[in-house]
Amino acid sequence: MADVRWTRKHLLSLEELSADEITFVLDTAESLKEVSTRSVKKVPALRGRVVVNAFFEDSTRTRMSFGLAAQRLSADVLDFSGKGSSVSKGETLIDTARNIEAMGIDTMVIRHSAAGAAELLSRNLKCSIINAGDGAHEHPTQGLLDLYTMRERFGRVEGLKVAVVGDIANSRVARSNLWGLKKLGAEVILVGPPTLCPRTFEKLGATVVHDFDSVIGQVDVINMLRVQNERMKSAQFPTVREFTKLFGLTWDRFQRCKKDVFVMHPGPMNRGIEIQSDIADGPSSGILKQVENGLAVRMAVLYLVSQV
Amino acid sequence: MQTHYDANAFASLLNQLADGIAALVDLGKPFNVVGIRTRGELLSERLVPILQQRGAAEIGVGSLDITLYRDDLSEIGPLPLIRPTQLRFDIDKRPLILIDDVLFTGRTVRAALDQLADFGRPSVVRLVVMVDRGGRELPITADVSALKIELPLSQQVKVKVASRDGEDGIDIVGRS
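Top line first, the protein sequences correspond to chains A and B.
Per my numbering, residue 2 is the first one in the first sequence, and the count goes up by one each step.
Per my numbering, residue 0 is the first one in the second sequence, and the count goes up by one each step.
Think of the hints as simulated: they come from the structure by calculation, not from any bench.
Some clues are possibly wrong.
Said to hold, decoys possible - Dumping the calculated DMTMM-like pairs for lysine to aspartate or glutamate here, alpha-carbon to alpha-carbon at most 20 Å:
#1 Lys34(A) / Asp170(B)
#2 Lys10(A) / Asp71(B)
#3 Lys10(A) / Glu188(A)
#4 Lys259(A) / Glu159(A)
#5 Lys43(A) / Glu149(B)
#6 Lys10(A) / Asp28(A)
#7 Lys147(B) / Glu57(B)
#8 Lys42(A) / Asp113(B)
#9 Lys34(A) / Glu293(A)
#10 Lys162(A) / Glu188(A)
#11 Lys162(A) / Glu120(A)
#12 Lys260(A) / Glu231(A)
#13 Lys42(A) / Asp89(B)
#14 Lys183(A) / Glu231(A)
#15 Lys43(A) / Asp170(B)
#16 Lys183(A) / Glu293(A)
#17 Lys259(A) / Asp221(A)
#18 Lys42(A) / Asp170(B)
#19 Lys43(A) / Asp91(B)
#20 Lys127(A) / Glu102(A)
#21 Lys159(B) / Asp170(B)
#22 Lys42(A) / Asp117(B)
#23 Lys34(A) / Asp113(B)
#24 Lys260(A) / Glu293(A)
#25 Lys34(A) / Asp5(B)
#26 Lys43(A) / Asp70(B)
#27 Lys28(B) / Asp89(B)
#28 Lys147(B) / Glu136(B)
#29 Lys43(A) / Glu136(B)
#30 Lys246(A) / Asp214(A)
To be verified - Okay, the calculated beta carbon distance ranges per label pair:
#31 Phe155(A) / Ser175(B): 37 to 45 Å
#32 Arg87(B) / Lys234(A): 29 to 37 Å
#33 Ser75(A) / Arg135(B): 46 to 54 Å
#34 Arg87(B) / Gln219(A): 52 to 60 Å
#35 Ser75(A) / Ser122(B): 50 to 58 Å
Predicted model only: the values in this text are computed from it and were never measured.
The C-beta atom is built at its ideal place from N, Cα and C for all residues, glycine as well.
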């Protein structure tokens, strides 16, 4: 462990990280979690640095989590939303970002609907770039906080059987989970209808299953993805009722799970569609833990990229 | 100049530190001992039983990781892994003995004092180190040091603690 070095100025994906680097972030996050238990919940590590949250897509959790994480490290935080900005006047992403950077930004946290947006900025800007979700590509800090939460719950990630369920094809959370879990030695089972969970994912080392019930009793973790309302009208998507019947985490399915199964969801949840309310709120649920751990993980990422 | 101190010498230096602490605080009253990670923490783990043998009634034991409070991170080479800070007690209104293995520039101690201020307000903070090697860059002094030697920048002090390094001892390495 001692000779792992963090040399990345950007966090763009989990695909590019090694297992050691992922573990380094998780270990750092574990130590930083303590900061949030103090009466003065703040450390001076990023004092005088400026972090901008540049969100071209909606977000509650991720945006607040990054904002609070940056504040706990004593950074100054700026917020930018695509809505109501010059973006609507036709300014390009790179121009918008360069103009924000010109104000003296050290780290830019970016969410954008286009896959590759964060990488594009990392090649065109001088500041650190953290990908907070780019299209259907990756959401690396969500992947990291999911790994953290699983590791916290089971004491390890290696050897765990993890089902990621739902609209895999359109999910950046699924991709970041897949990369991270595979690197740390977990088994990944992707579950969804063939239109939303194509077999091409097998090339990335996952098992692809179209029948949730066939794996329900074998898995240690079920990570339910959000059914994206905006996609429900597309032809790839069955009706909501059919989706719930086949792929929802219903009470009936839950009773066939392992006794110590761990239920996760990246939020926001559609209660009663992909997950039944009493499971989400029950003792097997790690959903609020994920949010809590997300803060520590984002502190770790902000801290690490700022030191390079 | 002596460049190696073996386990026996180490044991007697450790006792000197305990003597020093006993002179700084009233062992009959509660006080806290906080080690700076990594070697300061390990030294405090060794000192606490000695202090207890000498009648210390109530000692709170904790450790600090000062990484997030450093002002010289960019100068210390590869980014160190941050370890947890453990202060599971109220540090207010009691004497606090801060322990580190080596006192050099004083920057670590400055960072530790900043960090302590985020946790509370001890009635008094005293600094206890195994080796004071000189070379201060800040107005900071140890209240107790077992070994005081003025070393050139080219030399390094390595304090070894059995629980981590397999044996107790102190080595002074590098060209004088």
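These are the hints, each one checked on the structure:
1. Lys34(A) / Asp170(B): violated, 36 Å
2. Lys10(A) / Asp71(B): This hinted pair holds, its Cα atoms lying about 18 Å apart.
3. Lys10(A) / Glu188(A): violated, 30 Å
4. Lys259(A) / Glu159(A): Answer holds: Lys259(A) to Glu159(A) is near 18 Å, not above 20 Å.
5. Lys43(A) / Glu149(B): violated, 37 Å
6. Lys10(A) / Asp28(A): Roughly 18 Å separates the two Cα atoms, so the pair holds.
7. Lys147(B) / Glu57(B): violated, 30 Å
8. Lys42(A) / Asp113(B): This hinted pair holds, its Cα atoms lying about 14 Å apart.
9. Lys34(A) / Glu293(A): holds, 9 Å
10. Lys162(A) / Glu188(A): Answer holds: Lys162(A) to Glu188(A) is near 5 Å, not above 20 Å.
11. Lys162(A) / Glu120(A): violated, 31 Å
12. Lys260(A) / Glu231(A): Violated: Lys260(A) and Glu231(A) sit about 34 Å apart, past 20 Å.
13. Lys42(A) / Asp89(B): Measuring from Cα to Cα gives roughly 15 Å; hence the hint holds.
14. Lys183(A) / Glu231(A): violated, 29 Å
15. Lys43(A) / Asp170(B): With a Cα-Cα distance of about 37 Å, the restraint between Lys43(A) and Asp170(B) is violated, given a limit of 20 Å.
16. Lys183(A) / Glu293(A): violated, 24 Å
17. Lys259(A) / Asp221(A): holds, 7 Å
18. Lys42(A) / Asp170(B): Violated: Lys42(A) and Asp170(B) sit about 39 Å apart, past 20 Å.
19. Lys43(A) / Asp91(B): holds, 18 Å
20. Lys127(A) / Glu102(A): holds, 8 Å
21. Lys159(B) / Asp170(B): Holds: Lys159(B) and Asp170(B) sit about 8 Å apart, inside 20 Å.
22. Lys42(A) / Asp117(B): holds, 8 Å
23. Lys34(A) / Asp113(B): holds, 19 Å
24. Lys260(A) / Glu293(A): Not OK: Lys260(A) and Glu293(A) at ~24 Å, beyond 20 Å, violated.
25. Lys34(A) / Asp5(B): violated, 39 Å
26. Lys43(A) / Asp70(B): Holds - the C-alpha atoms of Asp70(B) and Lys43(A) are around 16 Å apart, at most 20 Å.
27. Lys28(B) / Asp89(B): holds, 15 Å
28. Lys147(B) / Glu136(B): Given that 20 Å is the threshold and the Cα spacing comes to 17 Å, the pair holds.
29. Lys43(A) / Glu136(B): Given that 20 Å is the threshold and the Cα spacing comes to 26 Å, the pair is violated.
30. Lys246(A) / Asp214(A): holds, 11 Å
31. Phe155(A) / Ser175(B): 37 to 45 Å: 53 Å Cβ-Cβ, so the 37 to 45 Å window is violated.
32. Arg87(B) / Lys234(A): 29 to 37 Å: violated, 54 Å
33. Ser75(A) / Arg135(B): 46 to 54 Å: At roughly 27 Å between Cβ atoms, Arg135(B) and Ser75(A) fall outside 46 to 54 Å, so the hint is violated.
34. Arg87(B) / Gln219(A): 52 to 60 Å: violated, 40 Å
35. Ser75(A) / Ser122(B): 50 to 58 Å: violated, 27 Å
Violated hints for the displayed structure, listed by number in ascending order: 1, 3, 5, 7, 11, 12, 14, 15, 16, 18, 24, 25, 29, 31, 32, 33, 34, 35.
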